[in-house]
Amino acid sequence: MFARNVSFRLKFNMLSEYGHLFDSQVLPLLRKQKGFRDEITISSPNGLDVTAISLWDNKSDAEAYNTSAYPEVLKTLSKVVDGTPKIQTCEVINSTFHKIDVPVHA
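Going left to right, the sequence shown walks through residues -19 to 86 as the numbering used here numbers them.
Certain hints may be false.
[Unchecked claim] Here are the in silico distance ranges between beta carbons for each label pair:
id, residue 1, residue 2, range
1, Asp62, Ser40, 13 to 21 Å
2, Ile20, Arg(-11), 15 to 23 Å
3, Ser40, Lys(-9), 16 to 24 Å
4, Glu71, Phe(-8), 33 to 41 Å
5, Gly63, Pro25, 16 to 24 Å
The set of hints was computed from the structure by calculation and includes no laboratory data.
Note that CB positions come from ideal geometry on N, CA and C, so glycine has one too.
Please take these sequences and the hints and turn them into a complete structure.
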């Protein structure tokens, strides 16, 4: 399993609007993507700093989403996001929600 960790700052008082946009426009788009498994979004107590972690079957599915659909997501969220999101990617080695086969590295 593979994860995309997207961190960004919301414009002031936009957490509720972000939630609405995510549920109504972003999540339906994610669910159509090959290999998409889950999304976890967390916010700082002040509602400004957000981290969205999407889980994918594999790296190639996450990369395909990054080049094909993610630009549309950025456009959709542009009215609530302040600045440019930071993206990190990594292998998931443990999850209590999903059964994961940990890759063995030689």
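Consistency of the hints with the structure:
no.	hint	verdict
1	Asp62 to Ser40: 13 to 21 Å	violated (31 Å)
2	Ile20 to Arg(-11): 15 to 23 Å	holds (18 Å)
3	Ser40 to Lys(-9): 16 to 24 Å	violated (34 Å)
4	Glu71 to Phe(-8): 33 to 41 Å	holds (35 Å)
5	Gly63 to Pro25: 16 to 24 Å	holds (20 Å)
Hint compliance for this structure: hints 1 and 3 are not met, and every other hint is.
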